[in-house]
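**Q** Spelled out from the first residue to the last, the chains are:
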Amino acid sequence: MRKYKEFVIEKLILLCGLASIFFVLLIFLFLLKEGISLFSTITLKRFLFGKNWYPISDPAELEILPLILGSFWVTLGAAIISIPIGVGCAIYIAEVAHPKLKEILKTGIELLAAIPSVVLGFIGMVTLVPWVKEVFNLPTGLTALSGSVMLAFMAMPTIVSIAEDALYSIPKTYKEGSLALGATHWQTIYRVLLPAASSGIVAAVMLGVGRVIGETMAVMMITGNAALLPHSILQPVRTLTATIAAEMGEAVVGSEHYFALFAIGIVLFIISFVINVTADTFLHKKK
Amino acid sequence: MMSSRTSEKIAFLFLFLATLLIVVPVGLIIVIIIQKGWPAISWEFVSDIPRQGMRAGGIFPAIVGTIYIVLGSIIFALPIGLLAAIYLSEYAKNNYLNRMIKLAIVNLAGVPSVVYGLFGLAIFVIFFKFGASILSGSLTLAIMILPIIITTSREALESVPYSFREVSYSIGASKWQTIRHIVLPNAIPGILTGTILGLGRAAGETAPILFTVAAFYLPQLPKSLFDQAMALPYHLYVISTQVPNVDEKVRYGTALVLLFLVLFMNLVAIIIRYQFRKKKKW
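So the sequences go chain by chain: X and A.
According to our numbering, the first sequence is numbered sequentially starting from 1.
According to our numbering, the second sequence is numbered sequentially starting from 1001.
Hints are supplied without guarantee of correctness; some may be wrong.
As the list claims (entries may be wrong) - Derived DMTMM-like pairs (lysine to aspartate or glutamate); straight-line CA-CA distance at most 25 Å:
1) A:Lys-1129 / X:Glu-256
2) A:Lys-1278 / A:Glu-1155
3) X:Lys-106 / A:Glu-1008
4) X:Lys-172 / A:Glu-1166
5) X:Lys-102 / A:Glu-1155
6) A:Lys-1102 / X:Asp-280
7) A:Lys-1036 / A:Asp-1048
8) X:Lys-172 / X:Glu-103
9) X:Lys-11 / A:Glu-1090
10) A:Lys-1278 / X:Asp-165
11) A:Lys-1129 / X:Glu-6
12) X:Lys-3 / A:Glu-1166
13) X:Lys-11 / A:Glu-1155
14) A:Lys-1280 / X:Glu-250
15) A:Lys-1093 / X:Glu-103
16) A:Lys-1093 / X:Glu-63
17) X:Lys-33 / X:Glu-256
18) A:Lys-1279 / A:Glu-1008
19) X:Lys-106 / X:Glu-256
20) A:Lys-1102 / A:Glu-1155
21) A:Lys-1093 / A:Glu-1158
22) X:Lys-172 / X:Glu-250
23) A:Lys-1280 / X:Glu-103
24) A:Lys-1102 / X:Glu-10
25) X:Lys-285 / A:Glu-1158
26) X:Lys-33 / X:Glu-250
27) A:Lys-1093 / A:Glu-1008
28) X:Lys-102 / X:Asp-165
29) A:Lys-1279 / X:Asp-165
Said to hold, decoys possible - Just the calculated beta-carbon pair ranges, DEER-fashion:
30) A:Met-1100 / X:Asn-137: 51 to 59 Å
31) X:Lys-51 / A:Pro-1079: 46 to 54 Å
32) X:Asn-137 / A:Pro-1079: 50 to 58 Å
33) X:Leu-32 / A:Ile-1010: 17 to 25 Å
34) A:Tyr-1274 / X:Met-1: 36 to 44 Å
35) X:Ser-37 / A:Lys-1280: 32 to 40 Å
36) A:Tyr-1274 / X:Ala-60: 29 to 37 Å
37) X:Thr-184 / A:Phe-1216: 44 to 52 Å
38) X:Leu-25 / A:Asn-1095: 15 to 23 Å
39) X:Asn-137 / A:Leu-1028: 50 to 58 Å
40) X:Leu-76 / A:Gly-1131: 22 to 30 Å
Hints were generated in silico from the structure; no laboratory data involved.
The beta-carbon is built from N, C-alpha and C at its ideal position, and this holds for glycine as well.
With the sequences and hints as input, model every part of the structure.
**A** Right, here's the structure in full:
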């Protein structure tokens, strides 16, 4: 009887172990199932590179280049802000900060990561957006730039914690060797530690950027949601994620619009898949 | 030419500035929300239904809705996540399958939250015909927090020294008995940390519940698993963007309650982890 019970439990454990693979496949399959019908009416090339997103005109035009560019600009802006600050902070925490301060900073970064995106979006709306409008003298502060700044704060915790891990996991002998040769602490950091941790830092940056591309609520609340081809970072844009979140409520199940939103979901899924797999390879490179 | 000491000082100054650029804005965000949200907080605010088109009254249904959804998601995610963690730490061999599972977990953690919303809509709301309901929302969030629970539980299980297991085997215990009576009890604080982190994440997410459970305005409490419910993060979104002329105080108050809920859970998780590391007997 006990043997039988153990057999059942161990099979159950195996099954749950495989659950993650199962769910990843399930997500992809269901996105595909709902999204694939779109391509009976529009070619993949036109869907990705066409310039008009007018989902409720008749006939509907469902081309997502403006949305891809919207996501691209917001993400690029957020990356430019968050990468130097994030990596700098990671080095400070890993190498410079006093151990007590280090603990406090790490806790702070973890709490930043926990702030819900809708709260960051709300704060961005009431503080950053009016400020951007004022400073750049714009008709509206709901711009790609506002989105970039707010999203930079969502990328930073990811970048800091993974880059800090990468720096921390370098064997202590590297550092000791360099210091023993008479290098200063800073010379050791940028000539020895940073190169040694480079693949981990690249992974950190990629995962941070991945988080920005997938971010939805904050971006929907502060980028203005205009599905037009963006010409400047000071214009309202609409991202892939915000389009799904804003329009799925109104799309009729089984309509072309509905299929198109799922097709955007497939695009996002593939982007995040590629980023995560690549970042993971970088993380396991040295081992 | 600058001396290497001077350049080191300048470099460290910049690193410090980078750190300040993260810490100061975050501190400001929290201070602003507390300062402007605090006047809204009253017993009525947390215990009354929203009134006058959500411009007055309280946020009680949203708080209760969030609690239901979050508890629902943990009921699904914890058993699966824990067993998956046991598999990875105790059974998996270092082979191709194991590598695939780890990659799947990383990917699951990286899927954009709104894509979870789409998935939940397609599978739970439409395919299984659960409709927009607490059940659909909980299941969607459960899959989303699975990676957090698996990863933290696995770390907790793996940190139990191998010698503990060897002693247990040597006195004749089977593998499952060893896991059940030796490994799991020693890993409980770590598992608890992961569970609370998962709860916090689920409580704050908006995009996955948009189409699977969240109700725009629902002044009564949900009665069954198949009812829609209001939820705090979605409520904050609604009153800050969809409803005109909401008193700023109400918005900040809602943001404060949500922020407090999420940060409190995270802080509890961090403290448990910290105590656990300090008390470790091995």
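**Q** A separate judgement is required for each hint: does it hold in the structure or not?
**A** Okay, the hints, checked on the actual structure:
1. A:Lys-1129 / X:Glu-256: Holds, because 21 Å separates the two Cα atoms, which is no more than 25 Å.
2. A:Lys-1278 / A:Glu-1155: Distance of about 16 Å is within 25 Å: holds.
3. X:Lys-106 / A:Glu-1008: Holds, because 23 Å separates the two Cα atoms, which is no more than 25 Å.
4. X:Lys-172 / A:Glu-1166: violated (31 Å)
5. X:Lys-102 / A:Glu-1155: Within the cut-off at roughly 22 Å; holds.
6. A:Lys-1102 / X:Asp-280: Between Lys-1102 of chain A and Asp-280 of chain X the Cα gap is close to 10 Å, so the pair holds against 25 Å.
7. A:Lys-1036 / A:Asp-1048: holds (20 Å)
8. X:Lys-172 / X:Glu-103: Measuring from Cα to Cα gives roughly 20 Å; hence the hint holds.
9. X:Lys-11 / A:Glu-1090: Holds. Lys-11 of chain X to Glu-1090 of chain A sits at ~13 Å (cutoff 25 Å).
10. A:Lys-1278 / X:Asp-165: holds (20 Å)
11. A:Lys-1129 / X:Glu-6: The given pair, whose Cα atoms are some 36 Å apart, is violated under the 25 Å limit.
12. X:Lys-3 / A:Glu-1166: Measuring from Cα to Cα gives roughly 20 Å; hence the hint holds.
13. X:Lys-11 / A:Glu-1155: holds (22 Å)
14. A:Lys-1280 / X:Glu-250: It is violated: about 54 Å lies between the C-alpha atoms, which goes past 25 Å.
15. A:Lys-1093 / X:Glu-103: violated (35 Å)
16. A:Lys-1093 / X:Glu-63: Judged against 25 Å, a Cα distance of about 46 Å means the pair is violated.
17. X:Lys-33 / X:Glu-256: Status holds; Cα separation ~13 Å.
18. A:Lys-1279 / A:Glu-1008: violated (38 Å)
19. X:Lys-106 / X:Glu-256: violated (47 Å)
20. A:Lys-1102 / A:Glu-1155: holds (13 Å)
21. A:Lys-1093 / A:Glu-1158: At roughly 14 Å apart (the allowed maximum being 25 Å), Glu-1158 of chain A and Lys-1093 of chain A satisfy the hint.
22. X:Lys-172 / X:Glu-250: Violated, at about 57 Å.
23. A:Lys-1280 / X:Glu-103: OK: Lys-1280 of chain A and Glu-103 of chain X at ~18 Å, within 25 Å.
24. A:Lys-1102 / X:Glu-10: The given pair, whose Cα atoms are some 19 Å apart, holds under the 25 Å limit.
25. X:Lys-285 / A:Glu-1158: holds (22 Å)
26. X:Lys-33 / X:Glu-250: holds (20 Å)
27. A:Lys-1093 / A:Glu-1008: violated (46 Å)
28. X:Lys-102 / X:Asp-165: holds (13 Å)
29. A:Lys-1279 / X:Asp-165: holds (23 Å)
30. A:Met-1100 / X:Asn-137: 51 to 59 Å: holds (54 Å)
31. X:Lys-51 / A:Pro-1079: 46 to 54 Å: Taking Cβ atoms as reference, Lys-51 of chain X and Pro-1079 of chain A lie about 49 Å apart, which means the hint holds.
32. X:Asn-137 / A:Pro-1079: 50 to 58 Å: holds (57 Å)
33. X:Leu-32 / A:Ile-1010: 17 to 25 Å: Because 53 Å falls outside the window, the suggested range is violated.
34. A:Tyr-1274 / X:Met-1: 36 to 44 Å: Holds - the Cβ-Cβ distance for Tyr-1274 of chain A and Met-1 of chain X, about 43 Å, lies within 36 to 44 Å.
35. X:Ser-37 / A:Lys-1280: 32 to 40 Å: violated (55 Å)
36. A:Tyr-1274 / X:Ala-60: 29 to 37 Å: violated (54 Å)
37. X:Thr-184 / A:Phe-1216: 44 to 52 Å: Distance hint for Thr-184 of chain X, Phe-1216 of chain A is violated at roughly 60 Å.
38. X:Leu-25 / A:Asn-1095: 15 to 23 Å: holds (19 Å)
39. X:Asn-137 / A:Leu-1028: 50 to 58 Å: violated (24 Å)
40. X:Leu-76 / A:Gly-1131: 22 to 30 Å: violated (40 Å)
When held up to the earlier numbered hints, the structure conflicts with 4, 11, 14, 15, 16, 18, 19, 22, 27, 33, 35, 36, 37, 39, 40 and fits the remainder.
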